[in-house]
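Protein chains in written order, with my numbering: chain R, 1 to 109; chain X, 1 to 180; chain A, 1 to 459; chain L, 1 to 628; chain V, 1 to 481.
It cannot be assumed that every hint is accurate.
What the hints assert, rightly or not - Here are some chain A residues the structure puts well away from chain X; computed CB gaps all over 10 Å:
no. : residue
1   : I31
2   : E427
3   : V444
Said to hold, decoys possible - Simulated crosslink set (DSSO-like; lysine-lysine; CA at most 30 Å straight-line):
no. : chain 1 : residue 1 : chain 2 : residue 2
4   : A       : K399      : X       : K161
5   : A       : K22       : A       : K135
6   : L       : K569      : V       : K96
7   : R       : K93       : X       : K127
8   : A       : K340      : V       : K151
9   : A       : K399      : L       : K364
10  : L       : K569      : A       : K399
Hints listed in this document are in silico derivations from the structure and should not be mistaken for laboratory results.
All C-beta atoms in this analysis are idealised placements derived from N, C-alpha and C, irrespective of residue type, glycine included.
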Amino acid sequence: MENVMTAIRVVPLDHYLILSFLLFSIGMVGALVRRNIIIVIMCLELMLNSVNLLLVAFSAYHSDPGGQIMVFFIMLVAAAEVTVGLAILVLLKRNTDSVDMNQLNRLKW
Amino acid sequence: MLYLFYFFAAISVIAALVVVSAKSPINSVIALVVCFLSIAAHYILLNAQFLAMVHVIVYTGAIMVLMLFVIMLLNMNTVVEVRKPVVTRILAVVTGGLFFLVLLAATRSGLSTPVPADFDPGIGLVKRIGMSLFQEFLVPFELSSVLFLSAMAGAMMLAKKDGTANVNLPPSSEPNDSRA
Amino acid sequence: MSALILISVLGVLVLYLGLFDKKSWLAPVSILGLLGAMALFISGYHIDHELLGGMVEFSAFSIGFNIGMAIITALIFFFGSDYYARQEHHVAEQYALMLFSLVGGFILTSYTSMLMLFIGIEILSIPLYILAGGKKQSLRSNEASFKYFLLGSFSTAFLLMGITLLYGLTGSFHLEALAAHMASTGTGDMVQNFGLFFVVTGLAFKVGAVPFHFWVPDVYQGAPTLVTIFMSTVVKMAGFAAFFRFIDITGMPDALARIMVLLTLATLLVGNVIALKQTHFKRLMAYSSVAHSGFLLLALLTDHGHAAGHGDAIGHTLHYYTFTYSLATTGLFILFTIAKRANNGAEHNNIFQGLFAAKPWLALCALAMFLSLAGIPLTAGFIAKYQVFLLAIGAGWLKVTLLGVLMALLGIYYYIMVVREVFVTPEEPVRFEVSPLNWVVVSVCAVGVLVLGVWPGLV
Amino acid sequence: MVKTDLLALLVPALPLLGAIIIGFGRRRLKGNTAGMLGTAMVALGFVASLLLFLGHDGETHIVHLFSWIHVGAMDIPFAFQIDALSLWMMLIVTGIGTLIHLYSIGYMHDDPRVATFFAQLNLFSFSMLLLVMGANFLVTFIGWEGVGLCSYLLIGFWYTTPEFNYAGRKAFVMNRIGDIGMVLAMALMFYQFGTLTYVDVMKQGGMMATGNPLIVTATLLLFLGATGKSAQLPLLTWLPDAMAGPTPVSALIHAATMVTAGIFLVVRSSVLFQLAPYTQDIILWVGVATALFGATVGLFQNDIKKVLAYSTVSQLGYMFAALGVGAYSAGMFHVTTHAFFKALLFLGAGSVIHALGGEQDIRKMGGLKGVTKTTYMTFLIATLAIAGIPPLSGFFSKDGILASTFAESPLAYGVLVFAAMLTAFYMFRLLFLTFFGTYRGKAHPHESPKVMTVPLMVLAVLSAIGGALNIPHIFGGHDWLKEFLGTAADGIGMEHLELSANTEWMLMALSTTLVVLTIWYTWTLFGKKTTLDGDTADMPFLKRLIAKRWMLDELYASLFEKPYGWISKHFFSIGETKVAVPLTVGTGKAALGLGEWLRKVQTGNTSFYLFGMMAGVVILLIITYFGG
Amino acid sequence: MELLALILIPLLAGAVLLFARPEKAARGIALVSTLLSLALVLWLWYTWTGTAVTGISHDWVPAWGMRFVLGYGGIGLLMLILTGVLFPFIIGTGYKQPVGDPSLVNAMLLFTQAALFGVFLAQNAFLFYIFFELSLVPIFFLLMFWGGEHKRAITVRFFLYTLLGGLALLFSIAYVTLQTPAPHSADFAALAALHLPMSTQVWLFWTMFLAFAIKMPIFPFHSWQPETYTMAPTQGTMVLSAVMGKMGLYGIIVFLFAIVPEGAQHWSSVVIGLSLFGALYAGVIAFRQNDLKRMIAYSSMSHLGLMCAALFTWNTYGISGTLYQMLAHGVLMICLFYIVGAVSQRTGSTDFSSMGGLKTRMPRFALLFMFVTANAIALPLTQSFVGEWLIYNGLWQWDNWTAFAGVVLIVLGAIYMLYAYQRVMLGPDREIAVTDADDEEHFFLVPLIAITLVLGVFPNVILHLVDGPVQQLLNSFTSLP
């Protein structure tokens, strides 16, 4: 317990910020470079998790449980979103036999 | 202690990069699991044991399994993804890079929350979280049930095969704005 | 709060009704429930805000918006009994999802914590992702659903990033804490600006502001018309209510104002200009929705310079604007469905041809509603726009207002192009079949728009 | 006074009544009724004028009818001014008018639209009377424009011929160009004096210093108006074209009355002109130039009416020259005598044309003196009168002008005398070619009916003895007309004639001798002529130029008419269809094009949307970062 | 109450026509309605005492200064007379020259009339604006349904162009309303009491002027006008040219002169320059037009340019002349467009090439046309002359050379009008079977010509009406700081 507590004293908050931003950016780039829908959804999860990490860090630094509860809710929502997203994916796959985002361009202009 | 942070941070970042760049979706999923586990480790470092547990259960246990399940179900592990053009990828990286740089630059000057002297190590414990959740955050907690209900109902509605679902409908058979 | 519970339970009830195949009961039960909710809103004006952990606050502002959304939803349900008449599967789910989504809307009008903002947006959105794909066999519907889901999820990520940054500053999700923090720091540091910016991004996505508008036309076009109505009305009202609550509490520091101006300008320009060349009615309405978001953003913009939490006039304007816009949009989409059926499913603007010859009253209703959207006097749309201009001029945004005025002119153009079609008599007469219920709903919308235009004090 | 008011009202009212009755009842008036009625109305007007004239006591009467335009400080009454000048003009207008109406009964006998003709003629009389009777500039302007309209209508009376319509429009438009000056002059005078009533304007104007720029401007503008109406250089080309109308119209409007309106106006405002020596010089030289121009062009014209038209131009030039030297009474005297003999000439020409069944080319006439005796005799008298042979009226009036001019400017005198010789030349050429020699045409000439010849004879008498009105002192007369008019227009009193009797005698002798010599020379050229070559190609340059009227019409056509048409066309085809409309339509098109272009941004590709969204976030983020 | 009736009579009659669709009786009902309005207007005139009247004053949305205030002064009364007198004729045109379903056409016309009465009665800027824009809607349908070639595109263009001005006006109204002391008021009285700083007036002038300049239209804003006039059905053109164009001039007096007097003075040279240039430009262009209707459209633009120029001369004669000329021009336009309609009905086209030589077969009609032409070229003893004479005086008092440019118009007017008359009526008989003016046409044109002549001889009847208000207006200018 003691060594864990020192993490907060040793690791500056900035480090968490940077790590979180880095993960967020990687998720963003991933969403932009990939065409496979499921990987894009994974990138989304990555971004959400980076936010979670930051929240927990803030929470710890503020000594406020609110941030952790927010993380809890984000997890709930992420789960719900993934459920819906995968349901849509299944529907799409069934109807178009493809998980390529670029195949979906009937609606335009 | 700091090195522990750097260690897990490095794992998270490398795993995230693998997620983004792996050719096979299966590899991506596995990398993501690794990434999530490293993040769980960060949670423990930050004294959020309850969250770390929930995180592992929800993400690694539920979400990622669901994804793997879908990948298997839809036979995607064999699908070879067509890569996007180089220009697009460069632009994407530039966008992401700029995003990161701006945020980084902003935080150089920014957040300077000092380490609180009266740091409370107990905030991450189940008891404290529970108290908070069922008192202060009761309303959102209750409402999240609506969220789940709708997600559940919706997912079932979408993914369920109706008797007459027509598969692979050619675009031309749809009503079109032919009078344009 | 009791209304919130009522609607949630109503959703469950509707799901059960679906389970027992009572399709014809769905709309009446839902509407009754909505009426009940409205009654509860009106009567339960005072609710102990502390009891709810300070998460939501039902003020006059939020109750006004909630009742507005409930009315529009009820109108949509009236239309729904006809719209879903030919559909066999999952009708109950769609009603239930819409009710759930409405719950999200209620939360958005009354949140006091950013956590509730997040939950509200998700409760509002997730049912909509599904509803957009409601026509499961239609590839367009699937595509709309997917696009909405994907883009929406990413915008949520940005919103969360914003909330997190602001949390990092204040150590609390409460808006009051944020306001207090902002009051104490003055101009604020960069993290604060970024936090505000990301939250605004998430909200701007919901209301379809440029450059976060890409989903709007595609989703409006692909989604089932009924869902499109819901998206363009209730979601817009909820989105702007949420937007306003957030902006109002921040008092809009300069950094935020700068971003808001850019969003407003871009939204006004892009929405109106692209709409000029739209011949597909639903896409036209989508761009018109973007364009109206531009005007609403212009109203929001005027919160700049007020002390935090003193934008009552702006809140009222937003309420009036979104509600009357929703009325007109609802009526027009119903007419669109009628015309679409008369033209074998075509969705081009010219399906309205012959409406005047066949159904003069409906054509006049269409005229009233189009003119309202265009902002011609004696319709509510005009009063709404005028209010926005008054606010904007009063706040000193003269040049932005001038652009808005110019864009209002473009708006008139594309609405007039459709109005023109309504009054064209085609060579072969078109048969428009209108159910009495639809007739009533359209008339209510049109008359409502006119009455509110003449007596704006009613809202 | 009441009697004066009533009579003064009757004078213009009668012709107006005639015009209304004939105009609206033109379908029901059969045969000569319209002509009779029209003539009667003008004749009654003449009687009324005569009564007024006889009852005139030398005072100026203002007959105030009602307030016409009253706004702010402007109160312009509808009023008539009865004084010597207006009375004299009324007599001329109604008197000559009656004769010409009478003549027209015969002349227009066969025309199906004879009633319309008389209605318009009566309307003209009404307008002309308003012009001369008006008590202020604006009432005069009513008549001024009214005669313009009637002139337009009557020139284009035979409306099926496009050239005639063109001539009518030309007349009206040229008059209107003059009217610019008239309107501006009135605006100026109102601004300056706060009134437009002649009496008040003259009273206030008379108190101003000589050469006051205001007065000069006003008089110049008024003169511009006069130039248009009286066909002076440069606004004269309409008058010869105006001969397209029926001949009585030419006689009444384009010779005897309307064209003298300019002279009337100048005389009316003589007080002002007296104070503007600069304007007077301009008037003198414009008059002289016009006199010379008309006389030269008259030399080689072959259309009988055109010759007379240019002669009119030339004579009007004389009158203006007189006004330019301040000899207002001389000018008015010439107006009077000119009205007699020019009306006579035109009517005579009309009689000839009538006799030849519409032929107007003098090359196809000749030897008519045997057939149309009355016409010939009267025409001869008129020709002698216009040439200035004593003791016919023209001699006195023209001599008055020459003498006054000599006093002011010998050079102008010289030119005018030369013009007088030319006058004699072209008039006698006309006379000889028409009535002498042998007949060269194909029609069967016959003498006109009595209703036409009687007016000729009356006019012939007047032309012969009209000089008696103003016999100068050296002949033992006492300038009756000058004294009479002097009671009306203050300017006339200011005339000065510093010539000794000897000089006057000498001048008279000189001009008369020259004219007689010219007549003799003309006789040798044309007296016995049986054939005439009309080809102008082999003439010498100057002669050809003159025969082509100094190319003035062509000059105007290429200088104004064509460019105007070109401008009109291209203002439209470039200014409107290429700039104004495309600019607005183009703005709309540009917006639509932008819409079409922006629309393409919506590619339907989700990745692209994501990219757009995130790029938007990044850009706005950067703006936030650097902006704050 | 009678003021409200003035708006309600045509509105109700129009509604009856729109919903009951009495095909046969439609014109009769419309005519009766307009005659009733006319009677009411004449009664107002008869009881006019020379002081401004406020009929109805009712709060609407007090928060934004919106009040329902109806009233009129001398100038407003003149405009009411104009509208009241001309509309029976516009309705009457339909008897001889029907354009479409009589109930609908007349309903639209009556709605327009109601809106126009509203415009001229409104004493609140916001109310004014509402009527100002509302008047466009029925016109829009009139043109849309029953216009000529390219009606759809041209109508939309017209509509948008006019609305552009309208929206600029709306912007200005919002702006000035907010400048009034709280609680804000958009009443003309309150707005006129404002003393806006010069720097504001300088730009506010243009945002307001734009609306009126487009409505009239004044030179660079005119491009909608010729094609719209040419395309519109006769009755539509009459409404547009005879009455709606005057809304612009009226608006200038009510808005610009009252609210931004210094701005108006500051820009008067520019406006006069533009207007006069436009007047000359249109006058020149009219000459070579090949379409009678288009030619008249340009002539109308020419006249309106002159009027607008005179309005900005800031003196009694310019303003009274313009006011008088508004009436004259209204009557003139009705006559001219009626004649165009009548002629083109016979020859099948408004193009000059299909006309010419008609006088032989329709002498009575030619006479009527001649009277109208005389009015068009402002011969004395016609209405137009009085107006133009005052206008030229106004211009002269403002600046001599400006007056000169203005007076050139009398030449240009004569050139194109007489040329047009010649091309329609004169020349050799074309041997087309046309009939002469019948009783109905006489019944229509003769009263108008009578008005022209009577008001040409006794203009004081109208001039007395505006004399006082104009003096007041001018006094308020001179009392400016």
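Hint check results:
no.	hint	result
1	I31	holds, 20 Å
2	E427	holds, 14 Å
3	V444	holds, 29 Å
4	K399/A to K161/X	violated, 55 Å
5	K22/A to K135/A	holds, 20 Å
6	K569/L to K96/V	violated, 34 Å
7	K93/R to K127/X	violated, 44 Å
8	K340/A to K151/V	holds, 27 Å
9	K399/A to K364/L	violated, 82 Å
10	K569/L to K399/A	violated, 41 Å
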